[in-house]
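Working from the sequences, and respecting the hints, build out all of it.
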Amino acid sequence: MTPGEPAAEFAALVEQHLDGLYGSALRLTRNRDAAEDLVQETFLKAWRAFASFERGTNARAWLYRILMNTYIDSYRKAGREPEVVDAEDLEDQYLYSRAHDSEELRRQGNPEQIVLERIMDADVDAALAALPENFRAAVILSDLEGFSYKEIAQILGVPIGTVMSRLFRGRRLLQKALWEYARAARYVSPQERTGS
Amino acid sequence: MKERPCREVARLLWQFIDQELDPATTRELAQHVRDCHGCGPRAEFEMRLRAIIQEKCVGEPAPERLRLRVLALLREL
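Each protein sequence line maps, in turn, to chains Y and B. Its first residue numbered 1, the first sequence is counted upward by one per residue in the numbering used here. Its first residue numbered 1001, the second sequence is counted upward by one per residue in the numbering used here.
FYI, nobody ran anything at the bench for these hints, they're computed from the structure. Since we're looking at a predicted model, the values are computed, not measured. Check each hint, because a few of them may be wrong.
Restraint-style ranges between C-beta atoms, simulated for each label pair [to be verified]:
{"hint": "1", "chain 1": "B", "residue 1": "1003", "chain 2": "Y", "residue 2": "32", "range": "47 to 55 Å"}
{"hint": "2", "chain 1": "B", "residue 1": "1005", "chain 2": "Y", "residue 2": "161", "range": "18 to 26 Å"}
{"hint": "3", "chain 1": "Y", "residue 1": "55", "chain 2": "B", "residue 2": "1074", "range": "15 to 23 Å"}
{"hint": "4", "chain 1": "B", "residue 1": "1055", "chain 2": "Y", "residue 2": "130", "range": "15 to 23 Å"}
{"hint": "5", "chain 1": "Y", "residue 1": "103", "chain 2": "B", "residue 2": "1051", "range": "23 to 31 Å"}
{"hint": "6", "chain 1": "Y", "residue 1": "34", "chain 2": "B", "residue 2": "1021", "range": "35 to 43 Å"}
{"hint": "7", "chain 1": "Y", "residue 1": "121", "chain 2": "B", "residue 2": "1007", "range": "31 to 39 Å"}
{"hint": "8", "chain 1": "B", "residue 1": "1003", "chain 2": "Y", "residue 2": "69", "range": "39 to 47 Å"}
{"hint": "9", "chain 1": "B", "residue 1": "1027", "chain 2": "Y", "residue 2": "74", "range": "44 to 52 Å"}
{"hint": "10", "chain 1": "B", "residue 1": "1071", "chain 2": "Y", "residue 2": "74", "range": "20 to 28 Å"}
{"hint": "11", "chain 1": "B", "residue 1": "1038", "chain 2": "Y", "residue 2": "55", "range": "28 to 36 Å"}
Below, a list of computed lysine-lysine pairs in the DSS-like style, where the Cα atoms sit at most 30 Å apart [claimed, not checked]:
{"hint": "12", "chain 1": "Y", "residue 1": "150", "chain 2": "Y", "residue 2": "45"}
{"hint": "13", "chain 1": "B", "residue 1": "1056", "chain 2": "Y", "residue 2": "150"}
{"hint": "14", "chain 1": "B", "residue 1": "1056", "chain 2": "Y", "residue 2": "176"}
{"hint": "15", "chain 1": "Y", "residue 1": "176", "chain 2": "Y", "residue 2": "150"}
Here are some, though not all, of the chain B residues that point toward chain Y, as calculated from beta-carbon distances under 8 Å [as the list claims (entries may be wrong)]:
{"hint": "16", "residue": "1018"}
{"hint": "17", "residue": "1040"}
{"hint": "18", "residue": "1073"}
For glycine and all other residues, C-beta sits at the position ideal for the given N, C-alpha and C.
Here's what the structure looks like:
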């Protein structure tokens, strides 16, 4: 392979994006073997389409789009999950509001601070993995991968309004799960935390 | 300019934090969040929470065998 040739160019893309794509694939499939297969198939499809990939455009978003399409086509369980639009619980910043209004936490100190400290010990990964698929994908692409709403809309092939609705609902559900965790957790004092 | 009520700011807060609002609204919310004792801590909480989520979900790197598998596959094609 010579630099400047498509194969060399593509190999550089693989090196650059492999870890990120694998991390997201693992969060989507929740299974290491399936994640590896998904990433392999993504690169295979990407290579086949590489000739038509417009150089200088966002390669990362392009690869994520192929990853999501491949995932939706082959790996997600049959039948789409219905888009849940729940009339209740449309409150944003669920966790902040719960923490802020908690008399119990207020007696122990700064409620927001306590909740954030407890979440440091929470299994955030598991809470994220438990989100319904559409919401999980939006949260992964925004909060972990840092894509803009517009990029996520392109990656998922849905309108921006749908991205926002999935993302905000996903965040709320995640915050709800983290609130349940924080509320159940025993208060650990800063002294105990440092292990002295 | 008519001041936006806090309830409205809370509704736009995630879009503000995600830097998805137009420049004028972004400036307006930045000022509101800086000056408001209710919305300031709310915005700070959301940003710290996101940082914690990112920190806790760093993920694992791809296994070496996958890297080799993909690169080998490309050589075959």
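Going down the list of hints, with the structure as the test:
Remark: the range hint 47 to 55 Å for residue 1003/B to residue 32/Y is upheld by a beta-carbon distance near 52 Å. Remark: the range hint 18 to 26 Å for residue 1005/B to residue 161/Y is upheld by a beta-carbon distance near 23 Å. For residue 55/Y and residue 1074/B, the Cβ-Cβ distance of about 18 Å falls inside the hinted range of 15 to 23 Å, so the restraint holds. For residue 1055/B paired with residue 130/Y, a C-beta distance near 19 Å keeps the hint of 15 to 23 Å intact.
Distance hint for residue 103/Y and residue 1051/B: a CB-CB separation of about 27 Å, consistent with the stated range 23 to 31 Å. Between residue 34/Y and residue 1021/B the C-beta distance comes to about 38 Å, which sits within the given range of 35 to 43 Å. Remark: the range hint 31 to 39 Å for residue 121/Y to residue 1007/B is upheld by a beta-carbon distance near 33 Å. Restraint check, residue 1003/B to residue 69/Y: a C-beta distance of roughly 45 Å satisfies the suggested window 39 to 47 Å.
The hinted range of 44 to 52 Å is satisfied by residue 1027/B and residue 74/Y, whose Cβ atoms lie roughly 45 Å apart. Separated by about 22 Å at the C-beta atoms, residue 1071/B and residue 74/Y satisfy the suggested range of 20 to 28 Å. One distance hint, 28 to 36 Å for the beta-carbon pair residue 1038/B and residue 55/Y, is violated here, with the actual separation near 48 Å. For a cut-off of 30 Å, the pair hint linking residue 150/Y to residue 45/Y stands: about 23 Å separates their Cα positions.
At most 30 Å may separate the alpha-carbon atoms for a hinted pair to count; residue 1056/B and residue 150/Y meet this at roughly 26 Å. Restraint check: the Cα-Cα separation between residue 1056/B and residue 176/Y comes to about 17 Å, which is no more than 30 Å; the hinted pair holds. Proposed proximity of residue 176/Y and residue 150/Y is supported: the alpha carbons are some 26 Å apart, at most 30 Å. Because the beta carbon of residue 1018/B sits about 7 Å from the nearest beta carbon in chain Y, less than 8 Å, this interface hint is met.
Hint status for residue 1040/B relative to chain Y: violated, with the closest Cβ pair at about 12 Å, above 8 Å. Using the Cβ-Cβ criterion of 8 Å, the hint placing residue 1073/B at the interface with chain Y is satisfied: the shortest such distance is roughly 6 Å.
The structure fails hints 11 and 17 (numbered hints given earlier, in ascending order).
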